[in-house]
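Chain A is fixed; fit chain B onto it per the hints.
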Amino acid sequence: MLFTSIIYFLFLVSSLVGYYLLPPRYRNYYLIIVSALFYMYVKPSYLILIIFIIVTNYWIGIQIEKSNRKQKSGFLYLSLFINLGILIFFKYWNFLIENLFQLVGLLGVSNTNSPPFLDIVLPIGLSYYIFQIIGYNIDINRGTIKAETNIFDFSLFVLFFPKLMVGPIERANHFLPQLKKRILFKKENIVEGGKRIVWGLFKKLVVADRISIYHDAVMSTVNQQSGATILFASVLYTFQVYADFSGYTDIALGTARMFGYDLMENFKRPLLAKNVGDFWRRWHISLSSWVSDYIFNPIAFKRRDWGNFGVFYALIISFVVIGIWHGATWNYVLFGIVQALALIYETLTRRARKNIAKKVNTVLYRDISIVLTFTFITFSLIIFQSATFSDALNIMKAMFSNHGKFFFDDPPQLTFMLIGCVMLILCDIQEEFRIFNFSLFSNKNWMIQQIAFSLLLVYILIAGVFDGGEFIYFAF
Amino acid sequence: MASEQIITEINKIFIKILEDNSIILDENTTTDDVAAWDSLNHIQIITAIERHYGIRFELNDLLNFKNVGDLCNGVQKKLQSKK
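Protein chains in written order, with my numbering: chain A, 1 to 476; chain B, 1001 to 1083.
One chain only, chain A, in its complex shape (with noise of 0.2 Å):
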């Protein structure tokens, strides 16, 4: 069930005024139960895989926090065994069959079997709910958070479906404490929640649905495409992916809203990042602080003798990883290892790069960090978005390359689509920078935020994609 789709509407409406129709204490209960249809609609015997997962990790949760530390240890090793074993199976069974095969064959050694590929389809939000719940195992073997022990609340926590498909990845110390409260009707609740719904439609459907219909275009034809048209739809395609990614994540957080709950915020304006350790701050920061936290930290200070090297080896195998939860294929474990090599870049040019800034006007720095930053996204986005490096390098060889007339498509919709642009990185712009004295999203004149949002709907019947569009983080 897409968030931009009627049907997704129709079922929060309903959903909602069930909810606020409870007497407070069975509200939760509902939700369970509204979460686990919304799981179903999908592919109904996956809710087996779902309930199998949440027992099994609320039983060991459990055990972890009584046992002494050495069983706490083979605890944590089953979940982990478990989840892990349960996303491989499902998302990465067939690259490593593929890949072990071509090892096998490389080796020289016979095979005339053809691999046993599976053709299952992948469930929804796995690789959001499995990192969640590792996270969760983990915090109680380090003692930071208690095991929950009340398997309705745990069962609420992993199933809670706006969070479901997309996430944010939770965090246990954030989101189980929310739902030990009884939550109440607040009309301030649904008209946030409402707004941030509006805004994430508007970022989804006019900015990167109509960029997704252009930047289809040019990259399915690029050895006919000019340098200038590449360079502008690969320009395009970041925006695209913020749009589509944060955007779907509005949604959600407006959605959770409505019914009482804050979810993590996962997006932090990261096109004004002014360095690539800046831009994984801000962008899905609940996958990288997840990273972060149980990845890079522990195998960094594990190796903190190394000096540099301990730093350099723990943000590879931290980025190989936020590479490959994308998918199972190459170009993923590529765009990872970029990201890292940049960080390393970052960290031993860190004194050089302060002593230039302090030679420079600041604001003008700053500019510069940021388009530079901005340029290296959109160049990694492009292994990112690429089947193959060979797709990769030959769309880098026609931007530079390839002369022409710059494609225009559809002039109208192109127009709609870079007002929509503008409006978001007006909008980050005045957030982070805060330059104009007038807002018109956040006014605090009542009236005039309500005209806002009521012109930004119109804008999103007259200018948005109806007819379908697929969210891009939907497939991990």
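One or more of the hints may lead you astray.
Across the chosen pairs, the derived CB separations fall in these ranges [as the list claims (entries may be wrong)]: (1) 1059/B to 94/A: 33 to 43 Å; (2) 1059/B to 74/A: 10 to 20 Å; (3) 1073/B to 13/A: 43 to 53 Å; (4) 450/A to 1012/B: 49 to 59 Å; (5) 71/A to 1035/B: 41 to 51 Å; (6) 88/A to 1035/B: 31 to 41 Å; (7) 441/A to 1056/B: 50 to 60 Å; (8) 109/A to 1035/B: 51 to 61 Å; (9) 355/A to 1030/B: 24 to 34 Å.
Far from chain A by the CB rule (all over 12 Å, computed), these chain B residues [unchecked claim]: (10) 1003; (11) 1012; (12) 1027; (13) 1029; (14) 1036; (15) 1053; (16) 1073; (17) 1076.
Computed far set for chain B versus chain A, every beta-carbon distance over 10 Å [what the hints assert, rightly or not]: (18) 1005; (19) 1024; (20) 1028; (21) 1039; (22) 1054; (23) 1074; (24) 1077.
Read the hints as simulated data drawn from the structure, not as lab findings.
In this text, a Cβ means the ideal position worked out from N, Cα and C, and glycines have one as well.
Just chain B now, with coordinates in the frame of chain A:
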């Protein structure tokens, strides 16, 4: 060792690692208050503190450091257990 003295010494380490003379730490300072203090150089700071005092932290100690005050208490505890 008094906690004020530890904060003063740790402050010097922060200035040296982050190359920023304007850093002034107190017990309530967190990573949000010091612009350059990120997870990449956090490990460098911790290692420098360990070397300065001749102590060794566990990963769990690190996880419980929520601000500079916790970090100082951590140093103090390790110094006491060394005696």
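We went through each hint and held it up to the structure:
Range check, residue 1059/B to residue 94/A: about 35 Å between beta-carbon atoms, so the 33 to 43 Å window is met. A hinted range of 10 to 20 Å for the beta carbons of residue 1059/B and residue 74/A is consistent with their spacing of about 18 Å. Taken as a hint, the range 43 to 53 Å holds for the pair residue 1073/B and residue 13/A, whose Cβ atoms sit roughly 51 Å apart. Between residue 450/A and residue 1012/B the beta carbons are some 54 Å apart, a value that agrees with the proposed interval 49 to 59 Å.
Distance hint check: the CB atoms of residue 71/A and residue 1035/B are about 43 Å apart, consistent with the given range 41 to 51 Å. For residue 88/A paired with residue 1035/B, a C-beta distance near 40 Å keeps the hint of 31 to 41 Å intact. Residue 441/A and residue 1056/B have their C-beta atoms about 51 Å apart, which keeps the hinted 50 to 60 Å range intact. For residue 109/A and residue 1035/B, the hinted distance range of 51 to 61 Å is satisfied, since their beta carbons lie about 55 Å from each other.
In this structure, residue 355/A and residue 1030/B meet the distance hint of 24 to 34 Å, their C-beta atoms being roughly 28 Å apart. Distance check on residue 1003/B: its Cβ is at least 24 Å (rounded) from any Cβ of chain A, clearing the 12 Å threshold; non-interface status holds. The claim that residue 1012/B is not at the interface with chain A holds, since no C-beta of that chain comes within 12 Å of its own (minimum 18 Å). Distance check for residue 1027/B against chain A: the nearest CB is about 21 Å away, which clears 12 Å, and the non-interface claim stands.
Every C-beta of chain A lies more than 12 Å from that of residue 1029/B, the closest at about 18 Å, which supports listing it as non-interface. Chain A draws residue 1036/B into its interface by the beta-carbon criterion, the shortest separation being 8 Å against a cut-off of 12 Å. With 12 Å as the threshold on Cβ separation, the claim that residue 1053/B sits away from chain A holds: the shortest Cβ distance comes to roughly 15 Å. Residue-level check passed: residue 1073/B sits 17 Å from the nearest beta carbon of chain A, beyond 12 Å.
Distance to chain A confirms residue 1076/B as a non-interface residue, since its nearest Cβ pair spans about 20 Å, more than 12 Å. Chain A leaves residue 1005/B outside its interface by the beta-carbon criterion, the shortest separation being 24 Å against a cut-off of 10 Å. Every beta carbon of chain A lies more than 10 Å from that of residue 1024/B, the smallest distance being close to 19 Å; the non-interface claim holds. Chain A leaves residue 1028/B outside its interface by the beta-carbon criterion, the shortest separation being 20 Å against a cut-off of 10 Å.
Against the 10 Å criterion, residue 1039/B falls within the reach of chain A, whose nearest CB is about 5 Å from its own CB. Every CB of chain A is more than 10 Å from the CB of residue 1054/B (nearest about 14 Å), matching its label as outside the interface. In this structure residue 1074/B is separated from chain A by more than 10 Å, as the shortest Cβ-Cβ distance comes to about 14 Å. Listed as a non-interface residue, residue 1077/B keeps its Cβ farther than 10 Å from every Cβ of chain A; the least gap is roughly 16 Å.
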